[in-house]
Every structure is written in structure tokens, then in C-alpha cells.
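Undergrad: Each chain, letter by letter, is given below.
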Amino acid sequence: MKLVLFVDSWAERVVVRPDWQQMLFFEGQAPAAKSFVVLESKELRGSSAESVVKWLEAETGRATSSRDVVEIPERLWRRATLDDFIDAQNVETAIWQVPECFSVGELAAFAERWAPSVVEHAGRALAEPEWRARVRLLKKLGERSDRVFGALYRTSARAAKEREELAEKAERALIAELAARPVDLATWISVFGKLESWLAIHDMAQRLGQELAATKYSNDDIAAWLEQLWNDEGARQHLRRVPGFWAALTGRRLFAASVRDESVDITNAVEQKAAAGWELWRGRRVGRIVPGRSVLMIQGKNDRTTIYVRGERRLKHAAERAGGSVRRFGCTLTVGGARDKSVSRALLEVERIETLANVAPESLKERLAELGLPPSHLAYRALARVREDPRQARILADLVIEYTLGIDADVARQLARAQSVGNRRR
Amino acid sequence: MPTLRELKRRYKVNLALGRALPTFDMGVALPLSTGNALFDAALTEKLSPSTTLTESDHVARLWHLVRSARREELDALATQARGLMNDAKLLLALRAWQDGDDAGTRAWLRALPWGWRLGFPTAVIKPARTLFTGWRRGIEFRLVEPRFDALRALFRELLAEAPGVALQKYRASVRESAALLKYRFEGERERGIHDFCFGKGGVAAGVAALEPIGTTLRARDALRASGPRAFLDVLEASERSIPITSFMGLLGAAGLRLRDSGPHHAALRSYAVRTATVVESILRLTEWSPWLDAGHVRTLSDKVRHAVVEGDVVVPFHKIVRAFNAAPPGVKKLVHEPLVVPLLRHFGKGAAALLPAPGPVTFLMPGNVIHLMSLLLYAVVASAMPARLLLLFPKGVQEVEPVALEEVCAHLADGTGECEAWLLERFGGLATHNTYTYDYAAVRRALAGLDPAAPLVLDLPFSDSVDVLEGLLPFERVLNLNNAYGAPGEVCLAQDYYLSFFMGGKGWSFSSWARFSDRAAEHFAEMLDRLARFQALAEFVPEHQVGAEVPRVEVPR
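In order, the protein sequences belong to chains U and V. According to this note's numbering, the stretch in the first sequence is residues 1 to 426, in order. According to this note's numbering, the stretch in the second sequence is residues 1001 to 1557, in order.
Treat the hints loosely; a few may be bogus.
Residues from chain U that face chain V, not an exhaustive set, calculated with beta carbons under 7 Å [stated by the list, open to error]:
1) 11
2) 22
3) 66
4) 69
5) 358
6) 359
Only pairs whose alpha carbons sit at most 25 Å apart, straight line, appear in this in silico SDA-like list of lysine to any residue [what the hints assert, rightly or not]:
7) 54(U) - 1434(V)
8) 1046(V) - 314(U)
9) 1012(V) - 1465(V)
10) 273(U) - 1284(V)
So these bits of chain V aren't anywhere near chain U, every CB distance computed over 12 Å [as the list claims (entries may be wrong)]:
11) 1160
12) 1165
13) 1172
14) 1211
15) 1222
16) 1325
17) 1326
18) 1328
19) 1352
20) 1449
21) 1453
22) 1530
23) 1539
24) 1550
Rather than coming from a laboratory, the hints here were simulated on the basis of the structure. Think of the CB as a built atom: it goes at the ideal place given N, C-alpha and C, for glycine as much as any other residue.
Bound-form chain U, shown alone:
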């Protein structure tokens, strides 16, 4: 039996894992990490670690226990080539590491040597007139095809790896050259937009962020450079993937209010933590937004820009209590809008009723009176007993919520909670 095994590193030594159940080390001269070795012997009975250990015990005459570190002597392994994938027993599991170890050149040479053999196997199978023989040949064709194209399929991953390495080397040199010269942000942005290597993109984005964060740039300067980055398609996309750029600018108060003297409907706004990024930069901001703090976010629809309102869900309650609108940050924030029966607005009331039922149940008397329920109604009984039994508060709240707002109270509680991410007592 022949096994091809990927050589990995662990504990600062190289190891192979025949079936990922146990690690085996090397005695004497060890192979290089990120390579393949071959174990081949007629006495080797299986591809599991247990089988390999048994074979090694027989070959070396040394019994091992679970406390022993198992090592493969130099004489029992050899370096593998791609050609070993044609007849090794465990190709299916080993093939995933092919891009780690074999170059595009080696894969191309492998293709030249072995791709014709697939065509040859196919021709032989198709030419066979006897059906049993043809079945056998088709099976062989499948096996050969799996091995040849299984390895060749990994060419794309290897090509991507080589492309990334090549681009990274060249682009890092370019970045180093730019860094050695006086800062020219326009050139930096132009170069940044064209970068291909992820590591170079990351490096350059960090440099851009740190440069812009320096005190010599005013907020207006930064805003102008951010616009230039936005207008460069490549730079814009790169910055979506590098939060470190925005993190570097955290100390600058970048997200100043951009909306004043407008009416903003916050009925359906959802509370969330503000995150620095293009969305916040391009969004409309009511009040200065600080990344990491709570904002009410109103998702833009039909190409309308997202609106961020500084503050928490309590703003909605403030507006509701004030009769539907409240002035904040130079704008009028409203709840309810055109739709009186907005669920989002009703949720504010749900929270209020539920809280009052627990801590100030008498304040719900007026609401109960408005419902015109008979004095013997369960809601009145719950109100009468709530002081002695706090479980009655839930009954009272559920009934008032259902009768006044027409919403299942349990569903409404979950909805209200989902709209409020921050604002939690620790």
C-alpha cells in the first residue's frame, strides 16, 4: 500500500496526520513542512494512524504506548511527487493540500503527462464491445479521471496563491517606496485603488487611516480625502473590507450632524450601535454620531439614504409622550407619521403598559375604564390582586395590551426587545 501524507508543523516540529486522529513525527532528517511524503510497503495494511503505527512497530521492532511520541525513521519515507497521486491509496483526503505544495509549473507538467491517459482510458473503454469488460474499463476511467483531474482541479487555488504572493511582493515594494517619499495622499489613493494583494491592501489602508488621523489634517481635510477615496471605485471597495482604516480615525469627530431643520420620522427606526464605515459616512446624520454608541437607524428605501439619529429608543418614547414629536439636534423627530396604526408606534405603548402594570398598576385604571369592561372582568380582578400576587401584573398587562392595541402581548414584547439593542441595565 502507498500513502501520500501532507507534512504539517506542530510543536515546532514537522508531523503527518494519516487520518487526523494522531500525529506522527520524524526520526533523523525530517522532510520540509508544507510538502508531501510517501509511505509505501506491502506490509502497510490501511491508511489510518493506527495502521501506520502498527506497520512502524513491525518495521522498527519497537512497541509503542499512547504515552509515546511515534516517529517515522528516515528509511521508511521518501519525498512525494504529483505522480504519486496516481496510485496512492488515500488521494481523496490528501488532495486538498496540493496547492500548498506544488507549483503551477508542476501542475502543468503533471497535466501534460497524465491528462492524455484519461483520454486514452476513455478511448479504450468506448472501444470495448463486451459489456462486462466495458464496465470494468469505465470504472478504471473514473478512478484515473478522479486522480488526474482531482489534482488539476486544485490548479485554480494554486494560481490564486501564486498570484497573491507575486502581487504582494510587488505591491509591498511599491508601498515602501511611497512611504519613503513625502506624503502625497492623492498618489496614495490612486495606488491604493489599484492594489490587488489583500495583505498590501490591508497595509496601505492602515497607513492611510493613520496618516489621516494625524493632527495636521482638519476634519474638513479628512472629509475631502474621504470623498476622494469614495470616488475611486477600487479604494471604495477596499475600505469596505478593512475596518482598521476606520478604527484609526476613531479619535476624530468625523460624523458630525448633516441634517438640520427637517422633520424625521423615527417610528420605524431601529436602535443599533453605530459602526464607522461608508454607510455612516454617506448616511444622513441627525446629531453628531459617535461610533460604538447607540443610534436610531432608519433604513433608506428606494435609493434613499439611510438616516442615523443620535440617541436611543427613549427618543421614540419622548416623542410619543410629547404628543408625537420632539425637537432634538435641530430637527423635529416624529413618531406615528402618516399611519396611525403603525405597529412600531404601538410597541412603544406595549412597553409602557407592561412596565406600568408591574410597578404602578393603579395608573392603568383609566385605560380599563375607557374599555368599558364589566367590573367583574378578569382585568379588574387582576388589578385588584396585583399587590398581593405579582403574577397578576402579567395578566393585567396582556389584557390591556390586547384590548387596546390588538396585539398579542408576548409577540409584542419580543418585537420591542428586538428594536432595542443597547440600553440594558448591567
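Starting from the known structure of chain U, arrange chain V on it as the hints suggest.
TA: Okay, now just chain V, sitting in the frame of chain U:
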């Protein structure tokens, strides 16, 4: 003393009767009960939203239990005041206030942190301000009658007792309480407090009894007027250090950052290290990593020895370990010996004290993945009491030689390769097995060889076996860091499994899970502490009262 299985049985009874919360609604999720709903709530309930209850549900529930409590229940709780949840202590103080029990009120307040104490008048007059967050803080209701004159007298006492640093840290609480009380500040010290809370601080700066407030205000003015040198001169001339939060706030307002370089930065850094408390220092390890040097670490180490090891400051295990893990490798190597090992050793002593004889405590873990956090937990406990470590493999269970805390800690600062090399050296071939196939029959046999009265800590992720359950049945104290097997003497500390991939169809599925027991290791000490409290309070609940209707005090309308 009631056993773990007895506390679990009481929980089942009270849960069935609706007197105990399900674990998902608890602040500290433990399926244990003293047999008394008030005691249980005081040990595990928090006034914050849980899976099915809102914050106001919890307020109504806990307040009902507190205000209808019998005198003997209140007396029993008072014996464990330090171990109760702060929310419960505040409500118990309110109950004492309602009863006109001034001594009781003061006793409960003394068990609360200063921020809560100084906010007590607010809790009496406008409880929503202290019990809730967000819009609910504006809700008008009261739990007790204020008795304003008595409350002002109490507030005066609190202000007199409060050290300057507490007044500085909780200025907002003082301001709010004073405003609601319409409090008249009298005498030099109180007028200084008034000026600090409501004025510009000119008067407060001159009141020596309010230090370090004066130092902070003078330093602020010096920084504004003359820059960092004058700022440092004021700080160094004062006998009292200002809180690190104030120090960093002043630096931030002046545009100074400790990681920058400048003529005064070395002195500013030294002051920061000197003034930070132990917990604050640990939490800032990463932030300070660019400039922290051996001299700074010596200062921190001395402080740890004084405050934690020789004093009685409690530093939670998870805060130490989390902050340490988050620090860059260089800082880890710098601080692990002088700072982390003494703290963990101290923590181990505390944990051992909560695990009374008989011992030893046995840790049972998988051999395929040596989880460093669990190994650390083992080493921490083993540093303070006899402990055994059993590793589970596909063929049998292996007991390994004791691992010293210093040895584990030294390698927590390692890179991946270094740490693996240590595991290989320490455990030999045992560290090279990766299989998740375990020999459960061997576990059962190994468990049969242990003393069932001694504590057993299980950390066996992704394993489910009737063999293990069978082995666990006689045990009295099984602390499981993973999913429970269901043995009567077993309690599950935490289980965090994260689904990273799932595919499924009719009759089949494939999924990939990740699991972390870090939180379980964190909960270990908390659980032991809670267990001791549960046992102590359960002794006040006679067996005949478990599950029976217990008369409550009539609640005034």
C-alpha cells in the same frame, strides 16, 4: 449542610410550583434552590431583561418577595449579606426603610458599593432612576414612603462616611440624590461637595477632607493653564492619587496620549501605573502594552501583593485571564510571573476554601484537545489543594503527573508553536492524539475508583454517554463545564456551543460545531461561591417547609 442533590431537588419542587425562576430567567443561571423563593431570588435574580421576563417583571417579582418577607427570613438573609445580588440588597434596604428599621437600612447599605449607597435617596424617591435604564427611568412610581427628614439625615451620614474618591467617582449619584432631597449642604466639607457637584469646583479644590477631589481640580486647572509639567507637579505634590479614569479623562481632554512620545510622557505613564487599581491595571494591559516596561510591572506587582494577596480585594478569575489573554505576547511574558501567577494562586486558595474535605478534587478532561483554560483552572485549584488530572483517550483513561501553576502560566504567554512544544514535552505522546472517540467504559471504571464524596470537575465536550452517567450517579459534587449528564449530584456550569456550519435534508444532517469552555471556567468560582451561599441559606429552610405554603407578611396597600 444540604448537598448539591438536595438543592437540586428543592429547585425542581419550587420550579414546578412556579416559585423558582427557570434558569434562562436568572441572572446567575443555577438550577439550585434553598427551598425559599426569596433566598433563591436574592442569590440569583437580576433586575435586567431575561428570556421571558422584562426588567419590570423582575422588579415586581423581587420587590413582592422582599416586602412580604417574614422577619426570620430577613434575619437569615442578613447573615449572607455580602453574597447577595446588589439588586436584592437595594430592595432589602428599601424594605428596612419602609419598616422604619434605621439600623437595618444602614446594614444593607453598608453591604452595597458606594455608587449604590449614594444613590439610595434616589431609589427611595424615584426608584425608576436607579432600577431602570432608558425611557423607563422617567416612570413615576414609588416603592416606599420617602420620610424626607429621615432620608436627609441618612444622606448626611452617607456623605460624611464617603471617602473623597467615592464622591468623585459617583458625583452624578450624589447630585441626583441631593437634588431630589432638596438637600441643604452644611459645613465646609459638604459645601465643598456641593461645589463639586453643582459648581465649578473652586471651593471643593480647597477642602482637604475631600481629597483627591482637590488634587484633581487643581491638576485640571494646571493642565489647562500651563501644560503637562505643571499638571504633573500638582499630582506629585499631593499625597493622594487621583482615580485613573479622571487622570485619563484629563489627558484626553488635553489631547495627550500615553502612547505618544514627549518630554513628560515617562512621568505621565509612571503616574498612570501608580494610580490605577489592580483591576484597572489588568484591564488596561493591552492599551498600555506599547510602553509598559519592567519597572512599571514591578509597581503593579507590589500593588497586587498589597491589595489582593495581603488585603481583601477580590479580583475575578475571568477578568485576570481575559485581560491577560488579550494582551500582546511581549506584555504577557513581562507580567505573567510578577502579576498573573500571584493573582491566580490567590484565586486558587479562595476556590479551595469553597471545596471542603474530602478531597482530592479530580479534573476529567479529553486528551485529544488540551483546553488551556481548563488546564489553567486545574492548575489554579491544584496550587491550593490536592488535585488529580485524568485524561480521556480512545483506549482508556490516563492519569497525568501534577502540573504546576507556574508552569502553565509560563506557557500561556507562548506563541502557538512554543505552547504545543511544551505540551509535547510535558505530556509526550498523550498530546499527539486528536481523536474524539472516547473509551466511556474506561471513564466509568475510573470514576468507580474515586471517592464519590470528593469533588469532580468534568470537561468533556461533545460527549454523551450512559456509561458516564452511570459512573456519576453516586457522586455528591460534580461540577460539569459542559452539557449535563443528568446525575443527581451534578451541576452544569455553562455550555457554549456555536454552530459554524449546517446542512440538512429529510432524514440527514451534517453540522460543524465549535465549543468554548472559557465561560465555564470563569463561572467555576462564582458557582462555588453561590453553592456555599445556597447551602448556608438552605439551612434556614426546614424540610417540612419545602414545597409548602409559607405565610407571608401582609403587604401594605
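Undergrad: Does the claim that residue 1325(V) lies outside the interface with chain U hold up, using a Cβ gap greater than 12 Å?
TA: 20 Å, holds
Undergrad: Does residue 1211(V) clear chain U by more than 12 Å, comparing its Cβ with all Cβ atoms of that chain?
TA: 30 Å, holds
Undergrad: Min Cβ distance, residue 358(U) to chain V: is it shorter than 7 Å?
TA: It holds, given that the least Cβ distance between residue 358(U) and chain V is near 4 Å, below 7 Å.
Undergrad: Taking C-beta pairs only, is residue 1326(V) more than 12 Å away from all of chain U?
TA: Since the minimum Cβ distance to chain U is about 16 Å, residue 1326(V) lies beyond 12 Å and the statement holds.
Undergrad: Quick check on the hint: residue 359(U) CB to chain V CB, less than 7 Å?
TA: Holds. Min distance 5 Å.
Undergrad: Would you say residue 1165(V) is clear of chain U, with no C-beta pair closer than or equal to 12 Å?
TA: Per Cβ check, residue 1165(V) is outside 12 Å of chain U; nearest 21 Å; holds.
Undergrad: May I ask you to test the interface hint for residue 69(U) with respect to chain V, counting a Cβ-Cβ separation under 7 Å as satisfied?
TA: 5 Å, holds
Undergrad: If I take the minimum Cβ distance from residue 1328(V) to any residue of chain U, is it greater than 12 Å?
TA: Label holds. Min Cβ-Cβ 16 Å, cutoff 12 Å.
Undergrad: Determine whether the non-interface label on residue 1172(V) survives the test: each CB of chain U must be over 12 Å from its CB.
TA: 15 Å, holds
Undergrad: Go through the hint on residue 22(U) and say holds or violated, using the shortest Cβ distance to chain V against 7 Å.
TA: 5 Å, holds
Undergrad: Would residue 1453(V) pass as off the interface with chain U, using Cβ distances and a cut of 12 Å?
TA: Non-interface label on residue 1453(V) holds, nearest chain U Cβ at 31 Å vs cutoff 12 Å.
Undergrad: Evaluate the condition: distance from the CB of residue 1352(V) to the nearest CB of chain U exceeds 12 Å.
TA: 29 Å, holds
In summary, the structure agrees with every hint in the numbered list given earlier.
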